[in-house]
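Once you have looked at the hints, place chain B on chain A.
Number of protein chains: 2
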Amino acid sequence: MAKGSKVSTKEKKYVYKFGGNKADGKAEMKNLLGGKGANLAEMSNLGIPVPAGFTITTEMCTVYYKMNRNYPKELNAQIKAGIEHIEKVMGAEFGSEDNPLLVSVRSGARISMPGMMDTVLNLGLNDKTVLGLAEQSGNERFAWDAYRRFVQMYGDVVLDLKPKSKTDIDPFEEIMDEVKKEAGVKLDVELGVDELKELVKRFKAAIKERKGIDFPEDPWKQLWGAIEAVFGSWNGERAIKYRNINKIPHDWGTAVNVQSMVYGNMGDDSGTGVAFTRNPATGERKFYGEYLINAQGEDVVAGIRTPEPVNHSTKSSPDQQTLEDIMPAAYKTLENIYKKLENHYRDMQDIEFTIQKGKLWMLQTRTGKRTAAAALRIAVDMVKEKLIDERTAVLRISPDQLDQLLHPMFDPKAEKEVIAKGLPASPGAAAGQAVFHADEAEAWAADGKKVILIRIETSPEDIGGMNAAQGILTARGGMTSHAAVVARGMGKCCVAGCGEINISYKEKQFEVKGTVIKEGDWISLDGSTGQVMKGQVATIQPELSGNFGTVMKWADKYRTMGVRTNADTPKDSQVARDFGAEGIGLCRTEHMFFEGDRIKAVREMILSDDLAGRKKALAKLLPMQKGDFVGIFKAMKGLPVTIRLLDPPLHEFVPHEEAQQKEMADEMGVSLDKIKQKIASLHEFNPMLGHRGCRLGIIFPEITEMQARAIMEAACELKKQGVNVKPEIMVPLVGEVGELKNQEQLIRKVAEETIKKTKTKVAYMVGTMIEIPRAALTADKIAEVAEFFSFGTNDLTQMTMGLSRDDAGKFLPAYVEMGIYKADPFQVLDQTGVGQLVEMGVKKGRSARKDLKCGICGEHGGEPSSVEFCYRAGLNYVSCSPYRVPIARLAAAQAALKGKKQK
Amino acid sequence: MAKGSKVSTKEKKYVYKFGGNKADGKAEMKNLLGGKGANLAEMSNLGIPVPAGFTITTEMCTVYYKMNRNYPKELNAQIKAGIEHIEKVMGAEFGSEDNPLLVSVRSGARISMPGMMDTVLNLGLNDKTVLGLAEQSGNERFAWDAYRRFVQMYGDVVLDLKPKSKTDIDPFEEIMDEVKKEAGVKLDVELGVDELKELVKRFKAAIKERKGIDFPEDPWKQLWGAIEAVFGSWNGERAIKYRNINKIPHDWGTAVNVQSMVYGNMGDDSGTGVAFTRNPATGERKFYGEYLINAQGEDVVAGIRTPEPVNHSTKSSPDQQTLEDIMPAAYKTLENIYKKLENHYRDMQDIEFTIQKGKLWMLQTRTGKRTAAAALRIAVDMVKEKLIDERTAVLRISPDQLDQLLHPMFDPKAEKEVIAKGLPASPGAAAGQAVFHADEAEAWAADGKKVILIRIETSPEDIGGMNAAQGILTARGGMTSHAAVVARGMGKCCVAGCGEINISYKEKQFEVKGTVIKEGDWISLDGSTGQVMKGQVATIQPELSGNFGTVMKWADKYRTMGVRTNADTPKDSQVARDFGAEGIGLCRTEHMFFEGDRIKAVREMILSDDLAGRKKALAKLLPMQKGDFVGIFKAMKGLPVTIRLLDPPLHEFVPHEEAQQKEMADEMGVSLDKIKQKIASLHEFNPMLGHRGCRLGIIFPEITEMQARAIMEAACELKKQGVNVKPEIMVPLVGEVGELKNQEQLIRKVAEETIKKTKTKVAYMVGTMIEIPRAALTADKIAEVAEFFSFGTNDLTQMTMGLSRDDAGKFLPAYVEMGIYKADPFQVLDQTGVGQLVEMGVKKGRSARKDLKCGICGEHGGEPSSVEFCYRAGLNYVSCSPYRVPIARLAAAQAALKGKKQK
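These protein sequence lines map, in sequence, to chains A and B. Sequential numbering from 3 applies to the first sequence in the working numbering. Sequential numbering from 3 applies to the second sequence in the working numbering.
One chain only, chain A, in its complex shape (with noise of 0.2 Å):
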């Protein structure tokens, strides 16, 4: 408890107070008092100027919702002591005609949801107080002016008049424009003292018609309309919406900050800013940020007018006016508390700042997000510095992020075609067809097709549509705009404030410099560059920097997990071992089946009636499997390399247009009648529960005897040519310990054949799939005859939750944000359901076979919240596609951390 605290000992703390160089809370109270409020309590125990507030807690958001959208009677005794508190601080009073306390009330929750939930600011003031504020600032318009914009959000945020969808009228903005018209001015800085007062005249008419209440001239009841709307903002459709999208609990709820109104539009001495400890896009160590003078906070997030560089580190024309050259102190003050916060956090911080009359208030400091090249940049550093160790740089780097790093930028020496430049706000290449709304955007996208959202500016609503597109392009807001921000959490590539650009949302079109882009049309854009470009322009894979060496090295040295890669070519191979792969982890054949001639002889394999027939087609199947595997064992070079046998049902083979079918008929010198007829007797009605893995080389064992034969003659063709070679045969789809046990003495068989007749010695192993829930479930007998499991995680949660993944289009996105599901099970893996077989198939297997080693090679491999928990399964090693290889190894080094961290 803190001290002088009038909150009785027996009650619930749910206030917490800041401000005056001390405070409750502290950083490491981020899922109490939100993110917002813990840096605000931390700022102040550090000595920073922070103006004086309190948080409540994010508990008492739960506890409201509990409660049925009620308070808890303690809460009220604990807010009266706040607002003293502030008062006490900043030597003001809430209500007072002479000198009155203004307040902003805002949302934070533990993770930042920017722009997601309402705010209400100049708080506190009414008819009398407004006068004391025109008093005290010396300035009768910005008083007015505070007041009027106060009654309009109060109207939109706390009373619900804020238009509900695009053809809705905003009764605000509706009286503005009669009052401007009438006034014979356009923009609302014209507007004079007499005009603000009819301002707020018209709009408290506008509520009393509207909902037929009295704007409420009580501060103290509009304080407690607006946290009543911050804590009813959680559950709002926008914040549920982005909730989903970013994987966050919804039952996390958000705080509430009472803070101290400062004004950075007081005047040309005061002013606002954003700014970065570093550069959130290059990672560069140079102070960064952006301001504008006389200007609120939101003006600059919101994008309405383009900021000025805060000093000339920042990219920037000489010409333009830095906070720098025209307030050197307050600069100066700014460049000491970044410095402090950045030294105390020990991490790059997004700050916020007003300064007021000359000086200068900390509103905001957070963790900054960056780009994954800066991430990576920053955390190198900061091990160079000394600020922080390896394993705290190997932690720093969110695995998903790398993401951006290792996909396709634009080739260089490709033909471009530029068109437009903006801000670089978000790294990458996109190309897409043009879309000009978000809801366009989220429906050509579910349509297949590749968007890039082209907005003036964006905004909360956009957020689905952002999520669709390729890319952004926006006309206005700088580096810290909506979009920017947006963009970057997204790791969506994003060009912001390209102004060049006339965006027609009507015409559905953008004009600049006489090209029309139309809805449609293919545009590329570089985040990196601001370059926005006609067409669809080639990419090429990206260089990666010595940081990303320097961290995966790291990684390597903490990781004790094992990552593999799925890869079905030599080419493949390749790329996923330069991406650091210690093995293949699923080589699926049935890939190598549809290449060149392979498929004739395939066929021909399907249409015989007898095993004479298909012992003669796979007769020609065997030279060519054989060569692919020389391929890959070859550029493994003795990496252990995981090949599974055919999978697929046989129909995946046969061609279903009667077109295609009659070429084949021709082809194989049949009649069209038999090929359909063969077509027919071989379709299923649920092929994923069909005749497909080991039920193909049980009933026709002639293919796995080509299939084993060809692996073991690659195997040892090369092992006699001095090449390591360690084949590992993996049987698909067994759900019985019996299947297994046919196929593998089938296959150690053919093995030892093998062997013996080109007198080489080969170590292979022979082990299953666990991707059916019965094996996972008799994962004991089944280990009895494997010597490896392989957990297939994409068939295992299609089974294990009776969704198929083809078909669950029609209800899985729905669930996703209906909440019923947490996120979609085919990218996260469900640990709760999925994850039991999984630990379930380790324990038993392992319970029979001590040594068994046990890997996952569905595409959950390469995703970091799945890594983890294969870690803490106690898996040997992970495998997913080569591009995903250095996230699996960066999840994997940060599983084993954590899981030091735990003991």
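Any copy, or any two copies together, can satisfy a pair, since identical chains are not distinguished.
In silico DSS-like cross-links for lysine-lysine, where the CA-CA straight-line distance does not exceed 30 Å:
no.	residue 1	residue 2
1	Lys-664	Lys-680
2	Lys-846	Lys-824
3	Lys-24	Lys-388
4	Lys-680	Lys-452
5	Lys-334	Lys-90
6	Lys-573	Lys-415
7	Lys-852	Lys-824
8	Lys-846	Lys-249
9	Lys-68	Lys-758
10	Lys-783	Lys-845
11	Lys-451	Lys-680
12	Lys-664	Lys-678
13	Lys-824	Lys-783
By construction, these hints were calculated from the structure, which means they are not laboratory data.
Relative to the frame of chain A, chain B by itself:
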């Protein structure tokens, strides 16, 4: 250890002696000695005349296979001791030229596998001992006939010269034909001593020629060869197939019985027979049997000569010569023995005997197979006779067999064209298309046809065809012939020994009194009267006997688990109640959607693009659904009714043929294109795992709302009329508690609305199916919302085993045949895998909700071994199709009684 045994106490005992009124073994040792061996020992102990012998244990068979077809060294001495024992008791010497001991070598598994394994008779004969036998028997012809039979049998069985397929020629039959031709005779019995000697010579030459070895003259060598052949026949193809059909574990092994020969073919004072202590078809308490004078035992079973009844109490013509008439003394002894045996075993016995020169020898006794009707009658009679108690009576009835009684029989009023009459060998009514070969029966049945297999006589090779057929008709053989015994075991209708029909395998037809029945023609068989009818005769529901009622009453007395039914209509509900169902465990609402006009409304709903359209269509369905529930609730008179909400994917309600789509388009007044488009949009790759179950109700809550309203309106309406109702609303396909919560809230909302509106109090429950593996894995969470669980083991099996029931045909039969699966998991619950999830579901569910009601509604609910599992798993009830309700009641009673025994 038996007294006087030479076997060291340190050695494993593999040989158990019997005969001479004492034995090493006893009846309880059936698992070790096989059924035959254990009962021979028991009879010896009872002082019944049994030819002396010894049994090599089933354990030896297992060891033999484990040792790669070798024997442990101690076996030799034990067998020597066994032969010495026989010599001593029978007063003959193995290999003696004067007084030779001849033995039979027979298989004897735990469970009888008639004709499936090999037998060698007359072993011990050679060129020298045959002379001793001739002198001793005073019948040179008999001795040489025995010798030539032995050489042939030894060649066939031990030296493997038996033809493997129908086109192969038996070398011995060929020689036999030659010699008969040379002698100018037609029948075997017409051959004289010289010809028989010639046969032996030529048979031996054939063996030398074909196998390159001499026929072994050494009796010990003969004996080891025969033992090896019997053990080898355990893994013969036929035996494996039989075990698969009859679900006999492959690792049980067979025992080998070596026993002194006795001869029923030593002249007219000798004979052999088979009898039942009660009538195996009706259960009537009358000694019932058949014999052949001057014949070997195999002749009766093989059905080569049609035997005579042992007495006149068997249905027989007065002019038939019974055993009682011809050999009254032997018959009297037999009568005393059968009574002794039945009193001892307290069950109906199936006995084999041989009379050698007037002396009666018992060769076998075992529990007799019987029809379901006989089983009931015997059980009830034996309780009356105080031979057994009610509990034993209940345990005596095979629940599976009850099926025979519960299925339709021929309508006595139906017109019948009786074309022939045979023996009523196995009861039941069967109609099918005539086929004349077992493999054709299998092929036709695989095509979904119903067939009657017609054979002159059946042999073990025909097992597969018999199993596939609806019924079996033979021209030769009695009530104890192969066809009759096997058919009764299968619970399949059989008319045997129908001598008047003339079968031509070549023409694939039979002719009787001018009527010709060709392959494919329909015939009907009445297994209870022996009638053979032309065409397909109408059937009716059989009336159940008083014995049935008595046994079911006893069953219910000892049963603790409930039995419900799966019924979707008032009619089915009534049938089930008549069979004793205690509620409905599964009422599938989708079946109601297809009736009459409803399908139109359903399709209208599916075609609607918006909520309003769907609601309009659903409003049409509401009164119809409500009517269904009124009917079902009324039929169930206050018993609980579990109603499952709509489950199948919507595409099941639209036509897939263009013609019907056109019809639908016309009917609905929309374009064919629109219909096609909609149907295409509904297509799913794996509908089993697609948009169905609660996923429909979550995306289209209006469907759930309509169904909940229909259920509750029906319930409230009836309640008002004074009818008691217990609706249990079941949400299908839940895999995550969030899904259930969503639907439960909606259902409760509608229910409370309806209750309020109608001002009636109806108690209802909301629960869920557990049919997705994840539901079982997270049952503790689901039980927080669900008031009851119903395990849908059909789908649970499909998902847990990754096995689509519709598509498994390509490999499932092979899996069962290969022994990979012990049984079809859709018929017999896979206790190892799926069962784990059921147990987990119950346990976890009850951990969250102590009084959670758990049931099963998959088809396993009527399968006895699965019912027993459900009892052990702690389910409150099983639910099955109406006709299986009595089976489930009996199985549940047996489970409870066995459960008690385990304590």
